[in-house]
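Residue strings, one per chain:
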Amino acid sequence: MTHRKALPGIWRRFPERYRLEGNKCKNCGEHFFPPRIICPNCRRDGKLEGHEMSKEGEIYSYTIIRSAPVGFEDQTPYVLAIIELKEGTKVTAQITDVDPEEMEIGMEVEEVLRKISEDGKKGKINYGYKFVPKS
Amino acid sequence: MDRVGIIGVGMTKFGERWKKGLRDLIAEAGLKTIQDANITGDKIDAIYGGSMSAGRFVGQEHIGAVIADSMGLNPIPSSRVEAACASGGLALREAYLSIKGGEYNVVVAGGVEKMTDSCTEEASLTLGGAGDQEWEVFNGATFPGLYALIARRHMHEYGTTEEQMAEVSVKNHANAAKNPLAQFQFEVSREQVMKSPKVADPLKLLDCSPITDGAAATVLASEEVAKEYCDDPVWIDASAQATDSLAVHDRKSITGLNAAKVATEKVFKKSSYDRSEIDLAEVHDCFSIAELCALEDMGFVKKGEAGKAMEEGRFNLNAELPINTSGGLKGCGHPVGATGIKQAIEITKQLRGEAGKRQVDEAEVGLTHNVGGSGATAILHILSGGR
Chain W
1 MTHRKALPGI WRRFPERYRL EGNKCKNCGE HFFPPRIICP NCRRDGKLEG HEMSKEGEIY
61 SYTIIRSAPV GFEDQTPYVL AIIELKEGTK VTAQITDVDP EEMEIGMEVE EVLRKISEDG
121 KKGKINYGYK FVPKS
Chain H
1001 MDRVGIIGVG MTKFGERWKK GLRDLIAEAG LKTIQDANIT GDKIDAIYGG SMSAGRFVGQ
1061 EHIGAVIADS MGLNPIPSSR VEAACASGGL ALREAYLSIK GGEYNVVVAG GVEKMTDSCT
1121 EEASLTLGGA GDQEWEVFNG ATFPGLYALI ARRHMHEYGT TEEQMAEVSV KNHANAAKNP
1181 LAQFQFEVSR EQVMKSPKVA DPLKLLDCSP ITDGAAATVL ASEEVAKEYC DDPVWIDASA
1241 QATDSLAVHD RKSITGLNAA KVATEKVFKK SSYDRSEIDL AEVHDCFSIA ELCALEDMGF
1301 VKKGEAGKAM EEGRFNLNAE LPINTSGGLK GCGHPVGATG IKQAIEITKQ LRGEAGKRQV
1361 DEAEVGLTHN VGGSGATAIL HILSGGR
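Protein chains in written order, with this note's numbering: chain W, 1 to 135; chain H, 1001 to 1387.
There's no promise every hint is true.
The calculated label-pair distances, taken between Cβ atoms and stated as ranges, are [what the hints assert, rightly or not]:
(1) H:Arg1190 <-> W:Asp97: 34 to 42 Å
(2) W:Glu108 <-> H:Gly1304: 55 to 63 Å
(3) H:Gln1192 <-> W:Gly29: 49 to 57 Å
Heads up, simulated DSS-like pairs for lysine-lysine below, C-alpha to C-alpha not over 25 Å straight-line [to be verified]:
(4) H:Lys1032 <-> H:Lys1227
(5) W:Lys55 <-> H:Lys1252
(6) H:Lys1252 <-> W:Lys26
It should be emphasised that the hints constitute simulated quantities derived from the structure, not laboratory data.
From the three backbone atoms N, C-alpha and C, an ideal C-beta is built for every residue, glycine too.
With the hints as constraints, model all of the structure from the sequences given.
As structure tokens, this is what we get:
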């Protein structure tokens, strides 16, 4: 889990976590997720506009987390991967509904909204994106 | 321009130092280095101390003041610097720059981390802060997990094997067995590494550096002062630093660390030595794969060939290029803020011919490679003895 945060720290990120809202630079054409405030390629010449990222991509790299961080103990072992989305932008997320032994680089996956972690029994529940093998 | 010399070094034993608190560790390393420099406190102009996260490990912030106060050096200006696991390297660099810029003549550069006062889960959470909290850690990434992603991709692109990675730990433990200040003074076999519990596939427990308490400090001086106090100063020949994205997934390629490549180019451009003149190096092996990436990023082997070269023993003690004679982060231990300083101390001891059973023959030029987080900061130094 991340460090326990007050609610604004969570709802501020709903557009990215629930809908994969990123952005793209009209000047250089590169897509960013999470959205960037300044295009690192063009800087002041960049022209950023909103872009909802594609919900499909392929596995760029993966690992099986067996020693879990606080808040993820119930899910261990779980697959964590870097997914390359159609736009070429990469994200880090869990791969769920998969046999860890069947993971391979290049596997096609699609995004789903899932529970990510809980801040204890009485705290908030964090939701966000995970990916599953493409059906 | 005047050179900057290292005229004193000192470090605590690294390990689980249950009887020692943050201040005890600082004072122990501080006293040792000032004695080694044979200098008195009133000659010191300033202090730079690296600490990644004393605030989360022991609840103490304001580490600059803690360092000067613990060492009895008030009211000397004392600053804490932070770059995750490269905090020590950054302290060395800032101290070097402050002398190079002409403001100071004698500066202490140190680093400390008291990690075992946190429970393991808490310590892991704190170390996660070196990565991207919002876009990696939130989604379940751990630090071994991030390096595992690098390792898996390296295996995919270059055919690197888990056995080759295991050889990094075997070598570094063999060196640590010869270092009386190391956390793990024993050897491990390739089989032991391969059979150790999986942490984040393909990384196993013995591919990972440990949680460690420790402090390390050096005394730096301008050329004139260095020659006054010391017969054999070790010179900081060049210093360089570079930055990259906080998150691993934001990089074009993840089979190496671009910040380390850029810092390498810079450090050799500034140095009076070229790559072939480096006799030994301390590199940032927080995980076994990281040492293979480091050797490739710095151009000591071709891209993708570090695993094979490691298996051939080319980086063993007294082979062609000894790497991590201290035992590295894996064998000597990794008190995150102190590691970058420990690397410079190991090279200094080697260049002075004081490295005991792990002494490298005719060591004249050495390099340190210190990385913050999963590669967002890289800091390199070239040190030379004698000439």
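Evaluation of the provided hints:
1. Between H:Arg1190 and W:Asp97 the CB atoms are about 36 Å apart, so this pair conforms to the stated range of 34 to 42 Å.
2. The hinted range of 55 to 63 Å is not satisfied by W:Glu108 and H:Gly1304, whose Cβ atoms lie roughly 26 Å apart.
3. The beta-carbon spacing between H:Gln1192 and W:Gly29, approximately 50 Å, falls within the hinted interval of 49 to 57 Å.
4. A hinted pair counts as satisfied when its Cα atoms are at most 25 Å apart, and H:Lys1032 with H:Lys1227 qualifies at roughly 20 Å.
5. Of the pairs offered as hints, the one joining W:Lys55 and H:Lys1252 holds, with about 20 Å between alpha carbons and a cut-off of 25 Å not exceeded.
6. For the proposed pair H:Lys1252 and W:Lys26, the alpha carbon gap of about 20 Å is at most 25 Å, so the pair holds.
Hint compliance for this structure: hint 2 is the single one not met.
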